[in-house]
Amino acid sequence: MNEEIIISGRMNPKIDPVLAIWGWEIPLYLFLGGLAAGILFFAALYTILGREKELPTAVRKATFLVPAILVIGLFALFLDLKNKLYFWQLYTTIRLESPMSWGAWVLMLVTPLSIVWCVAYWRDLVPNWKFKVEWLEFIEEQVNKYRKPLAWVMIVSSVILGIYTGILLSAFNARPLWNTSILGPLFLVSGLSTGAAVIMCMSKDHLERTLFSKIDLILIGIEIFFIIHLFMGFLASNAAQIEAAQLFLGGAYTLPFWGGVVVLGLLVPAILEIMELRGKKIPVAFPAFLILLGGMIFRFIMVDAGQLSKYLY
Amino acid sequence: MRYAMVIDTKKCVGCSDCVVACQNENRVPIGYCRDWVIEHAKGTFPNVSIELRSERCNHCENSPCVRCCPTGASHYEEGGLVKVTRHECIGCGACVQSCPYDARYSHPDGFVDKCTFCHHRLQEGKLPSCVSVCPTECMYFGDLDDKESKVYQLLQNRDWKVLAPEVGTKPHVYYLI
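Residue numbers (this note's numbering), protein chains in the order written: chain Y, 1 to 313; chain P, 1 to 177.
In isolation and in its complexed conformation, chain P is listed as follows (with noise of 0.2 Å):
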């Protein structure tokens, strides 16, 4: 199994629902978040273009968190989740610097939080909140390794980019573009 999660920056209208779902979902403390919109705007007018994201944890395969983490608090779940187990985390900081998105923060608990791509809901057969809530169905959650799932068949048919691949951390999220 792995988890996968394809945003289509085509039908995101930038709303925030997502972020705003989350945060309820996962009581994450005010002035905090584990996800957020990006608007990319690109070109000189008259030809410009705009894409816009909902970033998170990619839950990479190649994670350098997992990697540097020196307790084993950041770890692989099934299905390729990238989690923090809390009570084995020092608060060092070395997974916030290894992260090349930025998808890390310090909790004021004394752990470093993240998207677990809501690892709670999934053992119920329930979505992430942000894709279940999301107003314009742009996002989709599934399993790459079952051919008929909806994220397999958008890869298969659409063009698509992850962030940042020269870094060679093997992203979990995908855009379709």
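Isolated chain Y, as found in the complex (with noise of 0.2 Å):
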């Protein structure tokens, strides 16, 4: 039997007991982040691939939520400092070792080029608008002349911003859940996964709607596949690691992740875009609002229990 106790008191707050050093901002903030990298790496892609006609919401429509969707997210980052008025500190330094850095200027380069993005299709939204400054007029004239460079600029930071999410968790080593580097590719095809739920969800058109929906269902197949993965890793390895995945199997997180987020999020909206498909009356919003809770859900309790997980000794 082995026992461990503090025997001096230590009750550092949000240290003791358990770990709790972040609330409900960061994981909001992940699955916000995830969301707007799919919506702007689906209207860049369709952009590079030449295909803003036919598919309207995804290059054009979807992207106007990104701002909004970016802003909230970064308010919860924001919400999350415990010294909010030196937030500029992140931006006055480069650290290339650091997750967080990457992240603080990914977001400096993704929120400004969507904004941008939008701009250039605002007419779209409100026709015949005059623009009452001329520099947007400006960037207008120059985004529509240079948009698939934008585009590519746009995939790429996209990628890396989606990536990033996983990658923030991934890169602690002292907390064994989240210590594995397939969580950098989870938590991109998840992000995508909820960027392709919201296209699918907006599309009044039906070519595009199935197009997103077989999308939807490729990314739900290749989610699944990496939480296999996930899990196999974790019983293979060492035996913090083998834990941690007791958290998921048996453990108190073990209905919230299998309910929550494998059969809630990801096999039935399956099973309802695939009866869809094959031409049931479904309501779109159905499958697709399941997607996004479930990719909440999965954000909320991997930081949770991630802060739980650590290293015995």
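Since the hints were made in silico from the structure, they are not lab data.
Where hints are given, some of them may not hold.
[Said to hold, decoys possible] Within a straight-line C-alpha distance of at most 30 Å, the following computed DSS-like cross-link-like pairs (lysine-lysine) qualify:
1. K11/P / K147/P
2. K281/Y / K61/Y
3. K147/P / K310/Y
4. K14/Y / K147/P
5. K10/P / K147/P
6. K84/Y / K83/P
7. K161/P / K14/Y
8. K42/P / K14/Y
9. K83/P / K82/Y
10. K53/Y / K204/Y
11. K310/Y / K11/P
12. K132/Y / K148/Y
13. K170/P / K82/Y
14. K147/P / K42/P
15. K310/Y / K170/P
16. K14/Y / K83/P
17. K42/P / K281/Y
18. K310/Y / K126/P
19. K61/Y / K84/Y
20. K126/P / K11/P
21. K53/Y / K281/Y
22. K161/P / K42/P
23. K42/P / K310/Y
24. K84/Y / K310/Y
25. K126/P / K147/P
With the hints as a guide, bring both chains together as one complex.
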């Protein structure tokens, strides 16, 4: 029998009895960042492929949500800081070793990029709109002229944004549940899937809707494959990671993970989408909502459970 | 120069004097602490043993907290000390997550705080406050690069361990066992 107790009465808030330094702000941001990355990725992808006309929701309409999503996400990140007024110090250094520094700088690139992208398509939303300021018209003109190169920058930065949401966690070797390199790709695919769900939900065009339904199905498949790999990796790893995996295999997070994320967030929407593709009438908002909800629960329990996992010494 | 702390678990009685000395010396806010004492009991009666350890920041050679800090507030000082520059810390919590020893905490004034090996005392030629008050003299502090130093000698002649070496942090707090 092994027992370890702190006899000097250490009770540091948010550290003891279990680590809880990150609350709802970080997982919410991870979800919104992934969602924004997903929407931007498809907008850029189909611009590069030259299919703007066929897929108006993916390339134009859905991207109008992105600046709002990113601003809410950034605000959540800001709330997480304990020394809020010093947030600007993120932008006085570039630290290549620090995932959070990467994230801060990528957001600094992606947020303006998404706003510029929307400015150029603003007339789609409000026809005959006249920009009151000259430089906005200048931006619009330039973006429309260099749309393809811009799409290339956006596709790369959206992948970095999406994958970063996972790497932020996986770079912490002190938390065995996060310390796995599959987390980056898993969060990226999950983010793309939520992005596809939003596009699917907003689209009024049958062709576009079926396309994103199919894309989403493939992404769900990849996600399940990654989740299986995640647990194979844990169970074939060291004692700390085996212990961490137990949180999901009989531990406190078993039901929220397998029930909330895997069944409700992946399997049920996949079945609904297959039924829809076979001609059954299913309101598209239903699978889309489940995917978004599953993606959000996934981030919340990964952040929560990760803080419970630790090295045993 | 490589600062190191060597703690003799055979001599420690778990009085927590080191904890109180640190709280006093470093004006640690009430309800917080930078060091703490662990009682590790193992075995089944009658084959039981107890190990007492005074734990704190390990001032790792390969510090995950320095690596993940987005502003550079967490940094190495002379002698391998790991310190936080308060006015550069934004309190993002990344270093707290990165520490396998949970040695860092969020100070109510909005920055992350932890043991400094009493850097301010070292500069005056004094020992860290926890070491200086230990009534059983089970704690030693010195330079590992100095072959004459007590810490170097102890690590040469006694069995020792560091905490969670498998994380790869290369801690600078050693426990004699």
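Run the structure past the numbered hints and jot down the numbers of the failing ones, going up. Hints 3, 4, 14, 17, 18, 19 not satisfied by this model.
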